[in-house]
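Chemist: In case you want the letters, here they are:
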Amino acid sequence: GAVVSQHPSWVICKSGTSVKIECRSLDFQATTMFWYRQFPKQSLMLMATSNEGSKATYEQGVEKDKFLINHASLTLSTLTVTSAHPEDSSFYICSARETGGVVGNQPQHFGDGTRLSIL
Amino acid sequence: DQQVKQNSPSLSVQEGRISILNCDYTNSMFDYFLWYKKYPAEGPTFLISISSIKDKNEDGRFTVFLNKSAKHLSLHIVPSQPGDSAVYFCAAEGSGGSNYKLTFGKGTLLTVNP
Numbered sequence: 001g002a003v004v005s006q007h008p009s010w011v012i013c014k015s016g017t018s019v020k021i022e023c024r025s026l027d028f029q030a031t032t033m034f035w036y037r038q039f040p041k042q043s044l045m046l047m048a049t050s051n052e053g054s055k056a057t058y059e060q061g062v063e064k065d066k067f068l069i070n071h072a073s074l075t076l077s078t079l080t081v082t083s084a085h086p087e088d089s090s091f092y093i094c095s096a097r098e099t100g101g102v103v104g105n106q107p108q109h110f111g112d113g114t115r116l117s118i119l
Numbered sequence: 120d121q122q123v124k125q126n127s128p129s130l131s132v133q134e135g136r137i138s139i140l141n142c143d144y145t146n147s148m149f150d151y152f153l154w155y156k157k158y159p160a161e162g163p164t165f166l167i168s169i170s171s172i173k174d175k176n177e178d179g180r181f182t183v184f185l186n187k188s189a190k191h192l193s194l195h196i197v198p199s200q201p202g203d204s205a206v207y208f209c210a211a212e213g214s215g216g217s218n219y220k221l222t223f224g225k226g227t228l229l230t231v232n233p
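Sequence lines, in order, name chains A and B. The letter at position 92 of the first sequence is residue 92 when you use my numbering, and the numbering goes up by one with no holes. The letter at position 82 of the second sequence is residue 201 when you use my numbering, and the numbering goes up by one with no holes.
In case anyone wonders, no lab produced these hints; they're calculated from the structure. Here a beta-carbon is modelled for each residue, glycine too, at the ideal position from N, C-alpha and C. Hints should not be assumed to be uniformly reliable.
Residues of chain B clear of chain A, computed beta-carbon distances all greater than 12 Å [said to hold, decoys possible]:
{"hint": "1", "residue": "S127"}
{"hint": "2", "residue": "N146"}
{"hint": "3", "residue": "S168"}
{"hint": "4", "residue": "N186"}
Derived BS3-like pairs: lysine-lysine, alpha-carbon spacing no greater than 27 Å straight-line [what the hints assert, rightly or not]:
{"hint": "5", "chain 1": "B", "residue 1": "K220", "chain 2": "A", "residue 2": "K55"}
{"hint": "6", "chain 1": "B", "residue 1": "K157", "chain 2": "B", "residue 2": "K187"}
{"hint": "7", "chain 1": "B", "residue 1": "K225", "chain 2": "B", "residue 2": "K156"}
{"hint": "8", "chain 1": "B", "residue 1": "K220", "chain 2": "A", "residue 2": "K64"}
{"hint": "9", "chain 1": "A", "residue 1": "K20", "chain 2": "A", "residue 2": "K41"}
{"hint": "10", "chain 1": "B", "residue 1": "K173", "chain 2": "B", "residue 2": "K225"}
{"hint": "11", "chain 1": "A", "residue 1": "K41", "chain 2": "B", "residue 2": "K190"}
{"hint": "12", "chain 1": "B", "residue 1": "K156", "chain 2": "A", "residue 2": "K41"}
{"hint": "13", "chain 1": "B", "residue 1": "K175", "chain 2": "A", "residue 2": "K20"}
{"hint": "14", "chain 1": "B", "residue 1": "K156", "chain 2": "B", "residue 2": "K175"}
{"hint": "15", "chain 1": "A", "residue 1": "K41", "chain 2": "B", "residue 2": "K220"}
Counterexamples of contact, computed for chain A against chain B with all Cβ distances above 12 Å [to be verified]:
{"hint": "16", "residue": "S18"}
{"hint": "17", "residue": "K20"}
{"hint": "18", "residue": "K41"}
{"hint": "19", "residue": "L44"}
{"hint": "20", "residue": "M45"}
{"hint": "21", "residue": "T78"}
{"hint": "22", "residue": "I93"}
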């Protein structure tokens, strides 16, 4: 089945540091990837849609300068949390939807998430 | 405004019995529905989906039913196994084009007791 790899799985860093999270589709191409954030005991909240070769589309209330997204290839999207502060601590999850000529509904497949803790 | 609702935060079922997880939605533009299973500190795992042109989809022990007129879908797991214990999320996708965003419910914690 479709596999999405997310790295790193856990990051602990000091306030003011920038952190990069990678999301890779391992066995399929994905022109569209998604970044979510999950707070404890809450649902997944979509942060942004990452489009290969173009700018990401951010959801309302998400700071694009804080959460930089780059989707440089059909199998890789990165999320960089710039100048991270304790309130950015959360569980970040990416997903990818298989594209490349596939017709019809396709499920999104998720990475295992990244636990980000800012001290 | 919550467009996808899972009104039961938790459900407890005995091993071997049927688990029924429910989901309601309000947006009539949703045309693709999915169920995901999630363990703590892991990403969601895709289980089963259904297109709005169908009312039932079955895959092994998992069956999803869709009632468009009631804007309601349900996931049936039978027989339930202890390994099924997890949080189950219902998700809905809007109609076509370049918009494949998923809207998630808040999840239902299923506990299957041996």
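Chemist: Which of the listed hints are not met by the structure?
Modeler: Failing hints, ascending: 3, 13, 18, 19, 20, 22.
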